[in-house]
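Visitor: Generate the whole structure from the sequences, applying the supplied hints.
Number of protein chains: 2
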Amino acid sequence: MNRLVTSVNLTLPAWVDAAAYGEGLYPTDEAKMRLAVELARRNVEARTGGPFGAAVFDAATGGLISVGVNRVVPLNNSTAHAEMMAFMLAQVRLGKFRLDDGGHAFVLATSAQPCAMCYGGVVWAGVRRMIVAARKEDVEAHTHFDEGPVPDNWVDGLRARGIEVTHDVLRADAVEVLKDYTRRGGADY
Amino acid sequence: MNRLVTSVNLTLPAWVDAAAYGEGLYPTDEAKMRLAVELARRNVEARTGGPFGAAVFDAATGGLISVGVNRVVPLNNSTAHAEMMAFMLAQVRLGKFRLDDGGHAFVLATSAQPCAMCYGGVVWAGVRRMIVAARKEDVEAHTHFDEGPVPDNWVDGLRARGIEVTHDVLRADAVEVLKDYTRRGGADY
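Protein chains in written order, with this note's numbering: chain V, 1413 to 1601; chain A, 1413 to 1601.
Be a bit skeptical, because a hint or two may be false.
Repeated chains share a single entry, so a pair holds when one copy, or any two copies, can fit it.
Stated by the list, open to error - Subject to a maximum C-alpha distance of 25 Å in a straight line, what follows is the list of computed SDA-like cross-link-like pairs (lysine to any residue):
1) Lys1508 with Arg1540
2) Lys1548 with Asn1488
3) Lys1591 with Leu1447
4) Lys1591 with Thr1460
5) Lys1508 with Arg1459
6) Lys1548 with Thr1440
7) Lys1548 with Leu1570
8) Lys1548 with Glu1442
9) Lys1508 with Thr1594
10) Lys1548 with Asp1585
11) Lys1508 with His1556
These are calculated hints, taken from the structure and not from any lab test.
Guide: This is the structure we're talking about:
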């Protein structure tokens, strides 16, 4: 008998379905990040995963392509970080394994600096720019999450592959979400 | 209208279901890697993804927990590398977001050195040891795949987190699969 599991379903929380995300545009870095941080906050409040949110946008129009939140604990899936969820869901929606195939440029907004896994994931996803709120030191100061073995020169590693990074957009707001998660005694892993 | 996609399903190829993987044990490093390389080879022959295979085993018994193959192109998913598939499917099967929670130790066998994303993924998955066949330089010499910004001291980064790495197990066999993929004109991305 073959008892191997051969498929896995990754889902966003039900509150994402009910929200009106996707209406309107997100023209500025602040507008994009406001959504990413709101996703992180709602994920904490609803206890549907870790204190991290992300979203992918069309760089030219500011249109929202996908959202992601951390789903590691609810889904029993160590890869279900916010950025990875957003990448997968954007790629499924557009029917492309690399978002920028075809010439459109895409932007990732993420409420915290990517961990070592998501750092590599950014390289393959096909985004041209990444907007980051909380820094690695914020995550490590205010939660017990570990970012893993991210290279010190991680920004250079992305720039060398044509991916620009913008730091500290709504950093204080993202830090508040991290603190709130820890205050509530959220699971650390 | 909310047009966001809110779930994604990741599947192994149908030939995995039909195979008798999971019967018997894989006690040695060579036995574990023989399976990982066979998975890579079948994935190339069936044209169901890139030339990479991986599997997770119980370290104590040699029992097979999960298998993975690269599914990036068929699933339009840049995160669907062999190692990530194997981790997710092992975690779903065991109902844990970190495999070694509970004291059991697990081993990953992968037909090629992990890329930058899977490198970070190894840290979170909960495996204590990783057995690798082809090296990064093999992948880059025989295919057009890029491993991404993997730190030079990646083995130290894993060891510092309690994960041992064993190199070059059935390396030549894994290299043959890489060459065969390129000979067949397999998609590079």
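Visitor: Each of the hints needs a verdict: does it hold here or not?
Guide: These are the hints, each one checked on the structure:
no.: 1; hint: Lys1508 with Arg1540; in the structure: within (15 Å within a copy, 34 Å between copies)
no.: 2; hint: Lys1548 with Asn1488; in the structure: within (24 Å within a copy, 30 Å between copies)
no.: 3; hint: Lys1591 with Leu1447; in the structure: within (18 Å within a copy, 45 Å between copies)
no.: 4; hint: Lys1591 with Thr1460; in the structure: within (17 Å within a copy, 44 Å between copies)
no.: 5; hint: Lys1508 with Arg1459; in the structure: between (31 Å within a copy, 18 Å between copies)
no.: 6; hint: Lys1548 with Thr1440; in the structure: within (23 Å within a copy, 39 Å between copies)
no.: 7; hint: Lys1548 with Leu1570; in the structure: both (16 Å within a copy, 19 Å between copies)
no.: 8; hint: Lys1548 with Glu1442; in the structure: within (20 Å within a copy, 39 Å between copies)
no.: 9; hint: Lys1508 with Thr1594; in the structure: between (37 Å within a copy, 22 Å between copies)
no.: 10; hint: Lys1548 with Asp1585; in the structure: within (15 Å within a copy, 40 Å between copies)
no.: 11; hint: Lys1508 with His1556; in the structure: between (35 Å within a copy, 19 Å between copies)
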